[in-house]
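Listed below are the residues making up each chain.
There are 2 protein chains.
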Amino acid sequence: MPRPMTDRSPLAPAAFPALPAIAGVTLRVAKARYKNWDRCDLTYVELDAGTAVAGVTTQSKCPSPEVEWCRDAIPMGQARAVVVNAGNANAFTGHRGRAAVEAIAAKVANHLSCQPSNIFVSSTGVIGVPLPIDKAEAGLEAAFTAAPCGWEDAANTIGTTDTYAKGAHVSAMIGDTRVDLVGIIKGSGMIAPDMATMLGYIFTDAAIDPALLQQMLSAANKRTFSCITVDSDTSTSDTVLAFATGKAGNAPLASMEDAGADAFAAALSDLCRQLAHLVVRDGEGASKFIEITVEGAESDASAHRIALSIANSPLVKTAIAGEDANWGRVVMAVGKAGEPAERDKLAIRFGATQVAAGGLALDGYDEAPVAAHLKGQDIVIGVDIGLGEGRATVWTCDLTHGYISINADYRS
Amino acid sequence: MPRPMTDRSPLAPAAFPALPAIAGVTLRVAKARYKNWDRCDLTYVELDAGTAVAGVTTQSKCPSPEVEWCRDAIPMGQARAVVVNAGNANAFTGHRGRAAVEAIAAKVANHLSCQPSNIFVSSTGVIGVPLPIDKAEAGLEAAFTAAPCGWEDAANTIGTTDTYAKGAHVSAMIGDTRVDLVGIIKGSGMIAPDMATMLGYIFTDAAIDPALLQQMLSAANKRTFSCITVDSDTSTSDTVLAFATGKAGNAPLASMEDAGADAFAAALSDLCRQLAHLVVRDGEGASKFIEITVEGAESDASAHRIALSIANSPLVKTAIAGEDANWGRVVMAVGKAGEPAERDKLAIRFGATQVAAGGLALDGYDEAPVAAHLKGQDIVIGVDIGLGEGRATVWTCDLTHGYISINADYRS
Numbered sequence: 000m001p002r003p004m005t006d007r008s009p010l011a012p013a014a015f016p017a018l019p020a021i022a023g024v025t026l027r028v029a030k031a032r033y034k035n036w037d038r039c040d041l042t043y044v045e046l047d048a049g050t051a052v053a054g055v056t057t058q059s060k061c062p063s064p065e066v067e068w069c070r071d072a073i074p075m076g077q078a079r080a081v082v083v084n085a086g087n088a089n090a091f092t093g094h095r096g097r098a099a100v101e102a103i104a105a106k107v108a109n110h111l112s113c114q115p116s117n118i119f120v121s122s123t124g125v126i127g128v129p130l131p132i133d134k135a136e137a138g139l140e141a142a143f144t145a146a147p148c149g150w151e152d153a154a155n156t157i158g159t160t161d162t163y164a165k166g167a168h169v170s171a172m173i174g175d176t177r178v179d180l181v182g183i184i185k186g187s188g189m190i191a192p193d194m195a196t197m198l199g200y201i202f203t204d205a206a207i208d209p210a211l212l213q214q215m216l217s218a219a220n221k222r223t224f225s226c227i228t229v230d231s232d233t234s235t236s237d238t239v240l241a242f243a244t245g246k247a248g249n250a251p252l253a254s255m256e257d258a259g260a261d262a263f264a265a266a267l268s269d270l271c272r273q274l275a276h277l278v279v280r281d282g283e284g285a286s287k288f289i290e291i292t293v294e295g296a297e298s299d300a301s302a303h304r305i306a307l308s309i310a311n312s313p314l315v316k317t318a319i320a321g322e323d324a325n326w327g328r329v330v331m332a333v334g335k336a337g338e339p340a341e342r343d344k345l346a347i348r349f350g351a352t353q354v355a356a357g358g359l360a361l362d363g364y365d366e367a368p369v370a371a372h373l374k375g376q377d378i379v380i381g382v383d384i385g386l387g388e389g390r391a392t393v394w395t396c397d398l399t400h401g402y403i404s405i406n407a408d409y410r411s
Numbered sequence: 000m001p002r003p004m005t006d007r008s009p010l011a012p013a014a015f016p017a018l019p020a021i022a023g024v025t026l027r028v029a030k031a032r033y034k035n036w037d038r039c040d041l042t043y044v045e046l047d048a049g050t051a052v053a054g055v056t057t058q059s060k061c062p063s064p065e066v067e068w069c070r071d072a073i074p075m076g077q078a079r080a081v082v083v084n085a086g087n088a089n090a091f092t093g094h095r096g097r098a099a100v101e102a103i104a105a106k107v108a109n110h111l112s113c114q115p116s117n118i119f120v121s122s123t124g125v126i127g128v129p130l131p132i133d134k135a136e137a138g139l140e141a142a143f144t145a146a147p148c149g150w151e152d153a154a155n156t157i158g159t160t161d162t163y164a165k166g167a168h169v170s171a172m173i174g175d176t177r178v179d180l181v182g183i184i185k186g187s188g189m190i191a192p193d194m195a196t197m198l199g200y201i202f203t204d205a206a207i208d209p210a211l212l213q214q215m216l217s218a219a220n221k222r223t224f225s226c227i228t229v230d231s232d233t234s235t236s237d238t239v240l241a242f243a244t245g246k247a248g249n250a251p252l253a254s255m256e257d258a259g260a261d262a263f264a265a266a267l268s269d270l271c272r273q274l275a276h277l278v279v280r281d282g283e284g285a286s287k288f289i290e291i292t293v294e295g296a297e298s299d300a301s302a303h304r305i306a307l308s309i310a311n312s313p314l315v316k317t318a319i320a321g322e323d324a325n326w327g328r329v330v331m332a333v334g335k336a337g338e339p340a341e342r343d344k345l346a347i348r349f350g351a352t353q354v355a356a357g358g359l360a361l362d363g364y365d366e367a368p369v370a371a372h373l374k375g376q377d378i379v380i381g382v383d384i385g386l387g388e389g390r391a392t393v394w395t396c397d398l399t400h401g402y403i404s405i406n407a408d409y410r411s
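From first to last, the protein sequence lines are chains A and B. Just so you know, numbering that gives the first Met the number 0 puts the end of the first sequence at 411, numbered straight through with nothing missing. Just so you know, numbering that gives the first Met the number 0 puts the end of the second sequence at 411, numbered straight through with nothing missing.
Since the hints were derived computationally from the structure, they do not count as laboratory data. Any given hint could be a false lead.
Simulated pairs of lysine-lysine, DSS-like, Cα-Cα distance not exceeding 30 Å [claimed, not checked]:
id, chain 1, residue 1, chain 2, residue 2
1, B, K344, A, K134
2, B, K344, A, K344
3, B, K374, A, K34
4, B, K344, B, K246
5, B, K344, A, K34
6, A, K344, B, K30
Just so we're clear, the structure is a prediction, and the values are computed from it rather than from any experiment.
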């Protein structure tokens, strides 16, 4: 039973999409009752033997034991199950937190007669409280015998403060064989009251070598999940895992030279971008979806840092919440990024309208089309640094009273 | 006539302090009417011949022409006047903005029969609109003939969205001679709706070589103004200038070896810290003043970056606004700082209460004293990284609905 979704984000899609089953993937959910609630909060995904795995995890220097466990297991390349706990992040819990992860992996490995390193574990929720092992074990017992469920139930069960279930689907042709990729994700923008974290899971029936899958996932992550921000805060637990069951029957992909590898990589990147956008669209308090493109920087990395400086600026985000064409705040955010920039070469665009170039406002600049653009839900900001060929796009949302209410007022 | 101060910050001092006159400094204010308002918005400070000057300016890559002008003039070491315009930042205005600064300096230099490089200019307010030269010139004419005013009028006149006038005073003994230092400052935390900027001006009657004054100001800045943040946004125009008229009659200070140099440097640093705190206490929407000390980092610079990561975290700032003892968010902010840190060596303190050590919550941790501490207006957070001797303290305020209202809602 998924938890009730209330106060759905105004940026949410109309409905959860129809997603195909992926051969070799079986979804089940159960109630571990990590918090005092009556909702499913434990997701158990069984993967057929031979499933390849790849993953990317948080940059935080204080990662959860789940993240450390996954980092150790990913290089072995093989997965038989993934367990996701919602309601308790198990982060900053010392040896007791580590013991909980080991107990979960051992129990599932015993159930499936496999190595514990084939079991992947994530947890999301409050920091600093060790995950109760007894609840996890009882929840797993219930999950082992539960009837399989669909994607939407699983997407709901991994959620915490998310206001809607998030899933997406793409397909690709490898030679004559069609392969499908399905992803589910949770996150209200890497942040949430007492809960945190973006957790994403991608499943495909393609046959692909785990090292190649890792290479493709890392590349896609750089252009998608690493390009979203809600409030600049980074979770202790962020994790994206990709699982490939190999059931589609394609000629196995082992290198980027193989036929179909490019198509598969493009499909994976497309899926990651869709999932990343779904997270931003559920950003806490969000009322606008904002795309920021920086070009003309000295390098792509420099463009990325400038774009994030704009995307994380509270002044830019509140201006957009107020539908205010305050491009001076974009100048400010470029200036504070610490990256090479020359004021008198800078150009700024809102939507399709150039507002400033050569270091000052355009002569005869008409605010009307910009004001109209800002009244919409999807806002586009373009910045040309005018120095080189570096380019990057990032996505964020605005900063509203809703964010403050969720993060400061919820105790009262 | 100072502008009316409404909605005074709850963190403001009870009243503007009594500040002594500084020999060689004459304050005047006038109405240039840079905006459609009926308040004084031009401050003109005349300095007797022989006044030494030092200054520090914004790190922004897109500085205002006023900042560029001051950077060029400071190394010459001599000042005869400073002009501060409120209501228009004159930033990102190309050659027209530069021309306005040059016109102001030329007019004042002509009035005082001195070099334009002896005239210092600052502007604060909206970005992207060239400062109107005709209004500046008429305002200066009015100021030249106005009766001298006191510190509170000048402190009000340099303000924009500030909710109270900010000034402070310290004194020091150089040999047998007492010298006084007075500072005024404006800023609602480096940020404001359509206006921005922290501008600070320090005046002393001490005799001191400008190079030594610069050395002392730069050192004080590093521990004071560079250690405050309201929302991580950096103005295009931040400027702090120090002027020394030499009228006190002390044996002139020329090096840190001179008798009284240490005392004067300590007094200057103390004054800068007081002024910096006054800015944080007027942070937009602030309801809590927060001091964050990080120790045990690998270096002082590393401690400073970790402390700012905590101080700039929207999740930490909203938790404190909500009086929530959510120390997990401090862990998160340490983890995202990108500085050397080991989760299992980390210790965290709120007020006088240790809440976590060795990578997990203390056994038997009692939230009651922490909750009581968080109900106060002055919040203290201590973090021990456990790796080295690096130490830093920064100051910030909480993030509340008031911030959103000021920065997003003001157009409606």
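Status of each hint after checking the structure:
| no. | hint | result |
| --- | --- | --- |
| 1 | B:K344 <-> A:K134 | holds (29 Å) |
| 2 | B:K344 <-> A:K344 | violated (47 Å) |
| 3 | B:K374 <-> A:K34 | holds (27 Å) |
| 4 | B:K344 <-> B:K246 | violated (54 Å) |
| 5 | B:K344 <-> A:K34 | holds (28 Å) |
| 6 | A:K344 <-> B:K30 | violated (34 Å) |
The earlier numbered hints that this structure contradicts are 2, 4 and 6.
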